[in-house]
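J.: For the sequence shown, the positions run 1 to 274 when UniProt numbering is used.
It cannot be assumed that every hint is accurate.
[Said to hold, decoys possible] Using 35 Å as the maximum straight-line C-alpha spacing, the simulated DSBU-like pairs for lysine-lysine come out as follows:
no.	residue 1	residue 2
1	95	77
2	95	80
3	63	261
4	195	116
[What the hints assert, rightly or not] Pairwise CB distance ranges (calculated):
no.	residue 1	residue 2	range
5	147	175	45 to 55 Å
6	216	52	17 to 27 Å
7	241	156	16 to 26 Å
8	232	82	17 to 27 Å
9	224	16	35 to 45 Å
Please keep in mind that the hints were generated in silico from the structure rather than gathered at the bench. Just so it is clear, the structure is predicted and the values come from calculations on it, not from any experiment. Beta carbons: idealized from backbone N, C-alpha and C, even for Gly.
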Amino acid sequence: MLSARAQCLIQRLSLGYRCMSAASIAAKVEGVGCQPVSAQTICRTLHHIGLHGCRPRRKPLLKMMHKKAHKQFVEDKQTKDMDYWNHVLWSDETKINLFDSDGVKRVWRQPGEEYKDKCVLPTVKHGGGSVMVWGCMSVASTRELQFIEGTMNANMYCDILKQSMILSFRRLGHRAVFQHNDPKHTSKTTTGLLKKLRVKVMDWPSKSLDLNPIEHLWGILKWKVEERKVSNIHQLRDVVMEEWKQTPVATCETLVNSMPKRVKAVLEKNGVHT
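Construct the complete structure from the given sequences, taking the supplied hints into account.
T.: This is how it looks when you write it as structure tokens:
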């Protein structure tokens with residue numbers, strides 16, 4: 001039977017250090033003079049108070065300026081109807097691993113705490129990977145998908161805009177709006193090209209993955225690719241393109257139709273992760 005002091009320490013450690021393992025908590029408890037305790041006992045104690053070891057959600061690390069920008073964005077967009085969102089061309093880049101090389105971590109959390117700051121795993125985009133891709137989508141379907149060789153700079157991105165993006169953009173008609181966000185996308189070269197192409201660009205806040213429907217499409221794509229059990233890079237490229245092209249229109253519709261709810265959720269959270 002654990003002492004009240006030990007139980008209090010276990011709870012304090014798990015809530016203060018969400019990624020601390022049960023074994024580490026056990027060592028800490030014993031290290032301050034409490035009775036020896038096993039990792040299994042730590043888990044049972046935490047389960048009793050509603051804390052369970054879960055994989056942390058991966059979300060970009062948000063600074064105060066990001067939260068303010070998110071809040072301003074959703075305040076401006078909260079009155080937009082589906083006719084507006086249906087004319088948006090969404091774009092983004094992502095990496096797709098041949099094998100899962102990102103490691104597995106656990107975090108102690110209660111139901112409903114998935115996106116609390118202490119329960120998410122901050123990420124920095126594109127720290128390496130097997131295949132890098134740029135893609136775009138609209139409510140109608142997935143659009144162009146381009147493989148990126150090496151590190152994409154402003155000139156490479158401009159080539160994608162001219163060769164791939166503009167065709168998909170013009171299919172959306174005169175009310176089309178282009179969404180993108182990345183430091184290279186705000187270079188003078190890029191902004192000058194978009195102005196020349198007469199592309200209306202959405203004012204998009206940095207690190208807003210929870211707002212961008214294409215982020216969820218990437219998740220679906222990666223899950224489908226993982227199920228195919230590819231064994232080399234050439235197969236990976238082929239399968240990625242195949243699965244991308246086979247994405248059901250209904251999937252795109254569902255993701256874009258969720259935009260009003262996404263905006264509302266971020267507004268209710270004052271600009272933090274949803």
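J.: Take the hints in turn and mark each one as holding or not.
T.: Hints, verified against the model:
no.: 1; hint: 95 with 77; verdict: holds, 29 Å
no.: 2; hint: 95 with 80; verdict: holds, 31 Å
no.: 3; hint: 63 with 261; verdict: holds, 23 Å
no.: 4; hint: 195 with 116; verdict: violated, 39 Å
no.: 5; hint: 147 with 175: 45 to 55 Å; verdict: violated, 30 Å
no.: 6; hint: 216 with 52: 17 to 27 Å; verdict: holds, 24 Å
no.: 7; hint: 241 with 156: 16 to 26 Å; verdict: holds, 19 Å
no.: 8; hint: 232 with 82: 17 to 27 Å; verdict: violated, 42 Å
no.: 9; hint: 224 with 16: 35 to 45 Å; verdict: holds, 39 Å
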